[in-house]
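*Asks:* Below, each chain spelled out in residue letters.
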Amino acid sequence: MPAHTHPLPNGLTLAFERRATPGFSFHLRVPLGSAHDPVGQEGTAGVVEEWLYKGAGQLSARQFQDALDDLGVRRGGGSDAEATFFSGSGLGADLGAALELFAELVRRPKLPDSELPVLLDLARQDLESLQDSPAERLGLAARQLVFGGSGYAHPGSGTPQGLSQITPASARAFWQRSGARGSILTVVADTEAQTIIGLVERLFGDWQPGDAQPVKPQPQLGGSAHLQGDSQQTHFTFTGRGVSPHSPDWFAWHLALTALSGGSASRLFHAVREERGLAYTVHAGPQVVGGEALLSGYAASTPQRAPETLDVMLSELRRWRQGLSQAEFGRAQNALMASTVFGSESIRSRSGGMARDLALFGRVREPGEMRAEIELLTLERVNAFLESYDPGPLGLVSLGPQPLSAPQTGSEAAHV
Amino acid sequence: MSEPLPPLRPVKHQLASGLTVLTERDPDAQTLAMGFFVRTGARDELPAELGASHFLEHLMFKGSETVSAPDLNARLDALGGQANAFTSEEATVYHAASLPEQQHDLLSTLSVLLTPALRPEEVGTERGVILEEIEMYADQPDSRLMDLLHAEYWGQHPLGQLVLGTAQTVGDLTPDVLRRNFTARYGTPNITLVVCGQFDESSVLAAAEQVSADWPRTTFERALTPHTPTGGLSLTIDADLSRAQVALAAPGLDHADPLREAAHVLTEIIGGENGRLYWALIDTGLSDSADLSHAEYDGAGTFEGGFSCDPPRTQDVLDAYRAVLRDVQDNGVSETEVRRAARKIAVGAVLRGGTPQGRLFTLGMDYLARGELLSADESVQRYADVTPEQVRAVLERRPFDTLRVAALGPIEALS
Numbered sequence: 001m002p003a004h005t006h007p008l009p010n011g012l013t014l015a016f017e018r019r020a021t022p023g024f025s026f027h028l029r030v031p032l033g034s035a036h037d038p039v040g041q042e043g044t045a046g047v048v049e050e051w052l053y054k055g056a057g058q059l060s061a062r063q064f065q066d067a068l069d070d071l072g073v074r075r076g077g078g079s080d081a082e083a084t085f086f087s088g089s090g091l092g093a094d095l096g097a098a099l100e101l102f103a104e105l106v107r108r109p110k111l112p113d114s115e116l117p118v119l120l121d122l123a124r125q126d127l128e129s130l131q132d133s134p135a136e137r138l139g140l141a142a143r144q145l146v147f148g149g150s151g152y153a154h155p156g157s158g159t160p161q162g163l164s165q166i167t168p169a170s171a172r173a174f175w176q177r178s179g180a181r182g183s184i185l186t187v188v189a190d191t192e193a194q195t196i197i198g199l200v201e202r203l204f205g206d207w208q209p210g211d212a213q214p215v216k217p218q219p220q221l222g223g224s225a226h227l228q229g230d231s232q233q234t235h236f237t238f239t240g241r242g243v244s245p246h247s248p249d250w251f252a253w254h255l256a257l258t259a260l261s262g263g264s265a266s267r268l269f270h271a272v273r274e275e276r277g278l279a280y281t282v283h284a285g286p287q288v289v290g291g292e293a294l295l296s297g298y299a300a301s302t303p304q305r306a307p308e309t310l311d312v313m314l315s316e317l318r319r320w321r322q323g324l325s326q327a328e329f330g331r332a333q334n335a336l337m338a339s340t341v342f343g344s345e346s347i348r349s350r351s352g353g354m355a356r357d358l359a360l361f362g363r364v365r366e367p368g369e370m371r372a373e374i375e376l377l378t379l380e381r382v383n384a385f386l387e388s389y390d391p392g393p394l395g396l397v398s399l400g401p402q403p404l405s406a407p408q409t410g411s412e413a414a415h416v
Numbered sequence: 417m418s419e420p421l422p423p424l425r426p427v428k429h430q431l432a433s434g435l436t437v438l439t440e441r442d443p444d445a446q447t448l449a450m451g452f453f454v455r456t457g458a459r460d461e462l463p464a465e466l467g468a469s470h471f472l473e474h475l476m477f478k479g480s481e482t483v484s485a486p487d488l489n490a491r492l493d494a495l496g497g498q499a500n501a502f503t504s505e506e507a508t509v510y511h512a513a514s515l516p517e518q519q520h521d522l523l524s525t526l527s528v529l530l531t532p533a534l535r536p537e538e539v540g541t542e543r544g545v546i547l548e549e550i551e552m553y554a555d556q557p558d559s560r561l562m563d564l565l566h567a568e569y570w571g572q573h574p575l576g577q578l579v580l581g582t583a584q585t586v587g588d589l590t591p592d593v594l595r596r597n598f599t600a601r602y603g604t605p606n607i608t609l610v611v612c613g614q615f616d617e618s619s620v621l622a623a624a625e626q627v628s629a630d631w632p633r634t635t636f637e638r639a640l641t642p643h644t645p646t647g648g649l650s651l652t653i654d655a656d657l658s659r660a661q662v663a664l665a666a667p668g669l670d671h672a673d674p675l676r677e678a679a680h681v682l683t684e685i686i687g688g689e690n691g692r693l694y695w696a697l698i699d700t701g702l703s704d705s706a707d708l709s710h711a712e713y714d715g716a717g718t719f720e721g722g723f724s725c726d727p728p729r730t731q732d733v734l735d736a737y738r739a740v741l742r743d744v745q746d747n748g749v750s751e752t753e754v755r756r757a758a759r760k761i762a763v764g765a766v767l768r769g770g771t772p773q774g775r776l777f778t779l780g781m782d783y784l785a786r787g788e789l790l791s792a793d794e795s796v797q798r799y800a801d802v803t804p805e806q807v808r809a810v811l812e813r814r815p816f817d818t819l820r821v822a823a824l825g826p827i828e829a830l831s
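Residue numbers (my numbering), protein chains in the order written: chain A, 1 to 416; chain B, 417 to 831.
For the record, the hints were derived by calculation from the structure and aren't laboratory data.
Given the structure is predicted, the values throughout are model-derived calculations rather than measurements.
For every residue, glycine included, the Cβ atom is placed at its ideal position computed from N, Cα and C.
One should not assume that every hint holds.
Going by beta-carbon spacing under 7 Å, a handful of chain B positions derived as facing chain A [unchecked claim]: (1) ALA494; (2) LEU515; (3) GLU549; (4) MET552; (5) ASP555; (6) PRO557; (7) GLY764.
According to the in silico footprint, chain B covers these stretches of chain A (three or more CB under 8 Å from chain B) [stated by the list, open to error]: (8) 15 to 22; (9) 335 to 342.
Build out the structure end to end from the sequences listed, making use of the hints.
*Replies:* Right under this line is the structure:
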């Protein structure tokens, strides 16, 4: 049954899909994330997300967790640059009780002063553990290169300086900005839509609107950076221009990316791994941050082979823009169509996907509707798109014992 | 609420080729998933040939005598790009999923994997990929630590053999050695095809009979060597790391043990997101991660866990971790803890069983491990039915008296 979208007067958007399933799954997205961290208090959103779990309504932290366990609810969540997430799944009969617990958590958290120092210290520990992971250090440096100066540049755990300036009062004020406006709740279960609407109106109908405004990222293209590291492999990533989710070329871009890096016959996998055995991990794909789409790629090879890996990837990108073959087009089209089914098959991935759709497109896309759009694409259309598509100049960041040699990191070679 | 769906039942078929096929048809599923579950892994290798199982897994994607590697890759991608494989200590699994209308292509393509050409030039290229994979894990402190822990806990026992092998053994594996390993361990009696979701059973069985008709019938017996775990502690100092990481292993239950579900409930009570370690170590800020899980094998099993923390706190956190284990072992668990943990695991199993791909792994791995054919409902019920007495029976074996500890990081001393 298609999803039913029901906006509440206070600004909360509810979307519900009925399925024949013994379970339920919900996903609540509150549009306050680390990009909203007050300047000088970086890390606030991440710490507050943890703080919410330290007691809510009449329940202590432990009673809250015990109540979820009594229902057998599997929970997920966290925060990213744009939003804070809460998700739960369990057996159908327990949906009301589970949602009620999360409504308490989001709307009536205790936020006890005494718990904040431990959470700030855990965020500091998390920042230090990033230093032990080359891939995470690299990702962080790439964010700084692309989003430098904006709220998108720092990690969710903040910065040491930012964490040191967070107080109970400042963190509490941050969460007071949260509310129904811009928040999204998606539910998949086997029950009547009216029952869900009634439940959600009772739990969230009088939620304050809040004042969370989206933060616009302003990605910078080009540039390069190297992080010195004694890692076994040289890791590198590049970032280029993407195609807006609202562009008519959105599916053409995705189909072309599937041919570039979507499987074992894809261009990058074939050229780097199958033909030359240069890397175990190599990929390129879409990255959407704050509504802005980027093209990003990653690979890691031992230091003496990394320059060749980068060369091969860049030359494959250039060749890709010259167009796909009919066979490549057909495979990528099939894969994209299948992914619409696989991506919505489990109730957990469906409720998450519905929330992403509402945040990105303002509506829930039905798998059938997406398949129809993908089916309309033609080789000529995709190749015409590729001809006009200019992802460069690429921003390149590497990490390893030696910088990737100059000809590869130079601005000319990084144009594709 | 609508009427509950009738429970699905898996069915076992024995083909003339020697291949075993398990089918579980779900008329409401939108997709179908299938996998070849091969009962072989790193523990079945000769010490000089470590990494052979995993190397073979990679080479299977290089095509057969009649299908080239690029053709095989193109056929797999055309099915929707859901194909993959993994190798563990005891199993090697090749799996894929597709839309129901591609049922025939799915089986014929996946079957190509099981008749590899093992061309010498492709062995050379793929060796490069695997050596990169080894270096990739060497950049991850938690992977390095698990290798250290396993080497110390298992000693010379085959369950301590590294799945990827070492740069040395992988460098030495020749096409002939790989071919010998394939022939010895990929006979049809050692392979089970599992098919779940939306498909036509009779045509799947007929096609499976046809593709496997000429496969080797070699029988393979796993050598089960006894293992006597010993406690102890090792410290690997690495001044370049920022964090201390500690991993622990203790003797657990094997596949056949009727208390294995109770052991999982115990680890949820201790190491779950609302478990004792969370409240003792993370809620207090001592450590930023702490967990415990249970792994079972043929003839052996382990409790495995660990934590990461600020290096100067390592001794305090290790003491607190040990105190949690000691307290559970000496003072037991409450009925409420058992009820909550059992329910949580059971609900997780219900949700996982909601897709053909989720169901494929539960069905295939359970069958490989114990030769049992359990419906999804029966698997869930086994967890839901775990009693406090069963958890106490696990604790009465005093698993945490023999604790092997491995630590990695800029740690000065540890006892």
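*Asks:* Decide, hint by hint, whether the structure agrees.
*Replies:* Okay, the hints, checked on the actual structure:
1. At a threshold of 7 Å, the smallest CB-CB gap from B/ALA494 to chain A is about 5 Å, leaving the interface hint in force.
2. Against a cut-off of 7 Å between C-beta atoms, the interface hint on B/LEU515 holds, since the closest Cβ of chain A lies about 6 Å away.
3. The closest approach between the C-beta of B/GLU549 and any C-beta of chain A is roughly 4 Å, which is under the 7 Å cut-off, so the hint is satisfied.
4. For the restraint placing B/MET552 at the interface with chain A, the shortest Cβ-Cβ distance is roughly 5 Å, inside the 7 Å limit, so the hint holds.
5. Annotation: B/ASP555 was flagged as interfacial toward chain A, and the flag holds, the nearest CB pair being 5 Å apart, inside 7 Å.
6. Because the beta carbon of B/PRO557 sits about 5 Å from the nearest beta carbon in chain A, less than 7 Å, this interface hint is met.
7. Restraint check, B/GLY764 versus chain A: the minimum CB separation of about 6 Å is within 7 Å; hint holds.
8. Beta-carbon proximity to chain B at under 8 Å applies to 3 residues in the segment 15 to 22 of chain A; the threshold of 3 is reached and the given coverage holds.
9. With a cut-off of 8 Å between beta carbons, the segment 335 to 342 of chain A has 6 residues touching chain B; three or more are needed, and the interface restraint holds.
When held up to the earlier numbered hints, the structure conflicts with none and fits them all.
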